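Peer 1: Residue numbers (the UniProt record's numbering), protein chains in the order written: chain E, 1 to 330; chain V, 1 to 330.
Source of the hints: derived by calculation from the structure; they are not laboratory data.
There may be inaccurate statements among the hints.
[To be verified] Distance ranges between label pairs, derived from CB positions:
#, chain 1, residue 1, chain 2, residue 2, range
1, E, D130, V, E299, 40 to 46 Å
2, E, D259, V, D132, 41 to 47 Å
3, V, E134, E, G20, 35 to 41 Å
4, V, E104, E, R279, 20 to 26 Å
5, E, R279, V, D77, 26 to 32 Å
6, V, Q192, E, S251, 47 to 53 Å
[Claimed, not checked] Partial selection, computed: residues in chain E whose CB lies under 10 Å from chain V:
#, residue
7, E152
8, S243
9, P278
Quantities reported herein were computed from a predicted structural model and do not represent experimental measurements.
Ideal Cβ placement from N, Cα and C applies to all residues, glycine included.
Protein chains: 2
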Amino acid sequence: MRLAVIGAGAVGRSVVELAGEYGHEVVAVADSSSAVVADGTGGPDGHAGVDPEAVVARKSERGIVGDDDPADALAADYDALVEATPTTLGDAEPGFSHVTTALERDRHAVLANKGPVAERFGDLRAAVDDSDGEIRFEATVGGAIPAVSTVEDIEPGHVTAVRGVLNGTANFILTRMAAEGLDYDHVLAEAQDLGVAEADPSFDVDGTDAALKCVILANVLSFGAADAPADAREFTLDDADVSGIRDVPGSALRLAAEDGRTVRLIGEATGETVRVAPRLVPENGTLAVSGTQNIVQIETSHAGRLNISGRGAGGPETASAVLGDVGRLE
Amino acid sequence: MRLAVIGAGAVGRSVVELAGEYGHEVVAVADSSSAVVADGTGGPDGHAGVDPEAVVARKSERGIVGDDDPADALAADYDALVEATPTTLGDAEPGFSHVTTALERDRHAVLANKGPVAERFGDLRAAVDDSDGEIRFEATVGGAIPAVSTVEDIEPGHVTAVRGVLNGTANFILTRMAAEGLDYDHVLAEAQDLGVAEADPSFDVDGTDAALKCVILANVLSFGAADAPADAREFTLDDADVSGIRDVPGSALRLAAEDGRTVRLIGEATGETVRVAPRLVPENGTLAVSGTQNIVQIETSHAGRLNISGRGAGGPETASAVLGDVGRLE
Chain E
1 MRLAVIGAGA VGRSVVELAG EYGHEVVAVA DSSSAVVADG TGGPDGHAGV
51 DPEAVVARKS ERGIVGDDDP ADALAADYDA LVEATPTTLG DAEPGFSHVT
101 TALERDRHAV LANKGPVAER FGDLRAAVDD SDGEIRFEAT VGGAIPAVST
151 VEDIEPGHVT AVRGVLNGTA NFILTRMAAE GLDYDHVLAE AQDLGVAEAD
201 PSFDVDGTDA ALKCVILANV LSFGAADAPA DAREFTLDDA DVSGIRDVPG
251 SALRLAAEDG RTVRLIGEAT GETVRVAPRL VPENGTLAVS GTQNIVQIET
301 SHAGRLNISG RGAGGPETAS AVLGDVGRLE
Chain V
1 MRLAVIGAGA VGRSVVELAG EYGHEVVAVA DSSSAVVADG TGGPDGHAGV
51 DPEAVVARKS ERGIVGDDDP ADALAADYDA LVEATPTTLG DAEPGFSHVT
101 TALERDRHAV LANKGPVAER FGDLRAAVDD SDGEIRFEAT VGGAIPAVST
151 VEDIEPGHVT AVRGVLNGTA NFILTRMAAE GLDYDHVLAE AQDLGVAEAD
201 PSFDVDGTDA ALKCVILANV LSFGAADAPA DAREFTLDDA DVSGIRDVPG
251 SALRLAAEDG RTVRLIGEAT GETVRVAPRL VPENGTLAVS GTQNIVQIET
301 SHAGRLNISG RGAGGPETAS AVLGDVGRLE
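Bound conformation, chain E alone:
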């Protein structure tokens, strides 16, 4: 497939670098201020894509991906648009418009950006209904973990709940607090030094990021893979009951450890509720993944509980989820 990659952060750049290995071709790349669009000449089939190495080099050396205008990338001749700009809340712009532009042109869209699927799922479905294009968004939940696809394959009507550890930064902090007996502030500073936590860590430690992922899962469970039931309920971040980890004292982790338990930031989605909060879990249990690992537990009607753990973030990890989605569109 011919891909237009919108967003040139870690995920967008990895999609550009890996697409060829998966048999796809990147014909356009844009960041917020620049773009490069392949001119369609130079390849044996007249469809030469952009040069991945040159794009990545320009971005790191000059801060731009090319000399074209971002609007040119949206207008390029692609089969699927990859929306990898930063997640925004509320109107989820500009990601939402990037996706609907593709759909209006009857092209597919694959999202790594959580905003449109978490905040405007109903609007997005309406745009899909009017289009020959489809949307996929595996990369929005749990990085390399195939949470959305697995729920789709089981079929949402046979999944009663999905829960798990969905934020690597919060999990790293809780893991280190328990292992070293340190307090939140100390471990946060360490995580910031290591680049695991951002300078402003609120999005991760207050549970917002995990909640967005659970909202997306709740939308999948509510609307289903096939036609949405008439009474399908749309979820947004406002529907989520969210507590973060800032107020978890080191003493709580020490007390938990005496009882063979530890604390994890657990998010849970059903077709009716979304909740994120620190919870006690068995210290050696399935949910107690370490460091930046993520885990998703899927409760099914007929096949018991399925656990999937792996890397929940990272450029190549998330890009491989994007490219898996592209493969499913073929």
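Following the hints, complete the assembly by docking chain V onto the known chain E.
Peer 2: Chain V only, in chain E's frame:
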């Protein structure tokens, strides 16, 4: 889809019982000596399927599924044949012929029977190449665990190895030996009393069952999801290096426990080798699943390691994998 279910053991019966919930219709069921084929009347659309409850009741009360001939079920007007007869080695008959009969009629086949995919993968692919039908076989590996689909979605070329605990009976025995300090023979007898182990447990405890699953995974890795490379190698059970758990002494488990480890029967497949053997693993590590649980670890080129654990056997669990495959064929 209209399904013909061949085989009326625990898996076949569960497929018959659950198909309606997944939006499919069972139009024929056969066991080795009897069959029932829907007459196509009675339903609003002229496509009434068989009555699932009546089939299951006849099987348990009279030992037959109906008054038709098994050959009639193979000749019925179905979209996909579900091959759920017992796994046989070597020529993998009669399962192999059931599947190729469907493919010759340009129908799909979904296998729960490991024989044809483990012992005659090359022949099976040749039959698929000549057909408009496709085959799927998620249910042959790890019950409810989506091992094959996940490898397909990641794309086999980006998976370097798949390993895991793939036999619940052997795992139950090793778990009990470690927990209770008992020897193999004692725990085997207990497992037989509980119905977890068969009267002749060789297939499970000698590693054959786990090896067949690994052979199937090796074939998927070797041939890939898309067109097979010209040098793709076909694997059969003869290519597997297999040791079982009969000779694991209780003392080995006690020594392992002193070092924070335990023993698991681990199977591993790459595109080049298949190996099954008891191996030391960390006692609280990811591979040390308990009881009849299974786990599959997928090593990827770009997304690290993915772990998927769940119920590796059981009628409804395996039937849900079959019905997930049917959904993917649509």
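Peer 1: Look at each hint and say if it fits the structure.
Peer 2: Hint by hint, here is what the structure shows:
no.	hint	verdict
1	D130/E - E299/V: 40 to 46 Å	holds (42 Å)
2	D259/E - D132/V: 41 to 47 Å	violated (60 Å)
3	E134/V - G20/E: 35 to 41 Å	violated (27 Å)
4	E104/V - R279/E: 20 to 26 Å	violated (55 Å)
5	R279/E - D77/V: 26 to 32 Å	violated (52 Å)
6	Q192/V - S251/E: 47 to 53 Å	holds (49 Å)
7	E152	holds (9 Å)
8	S243	violated (27 Å)
9	P278	violated (22 Å)
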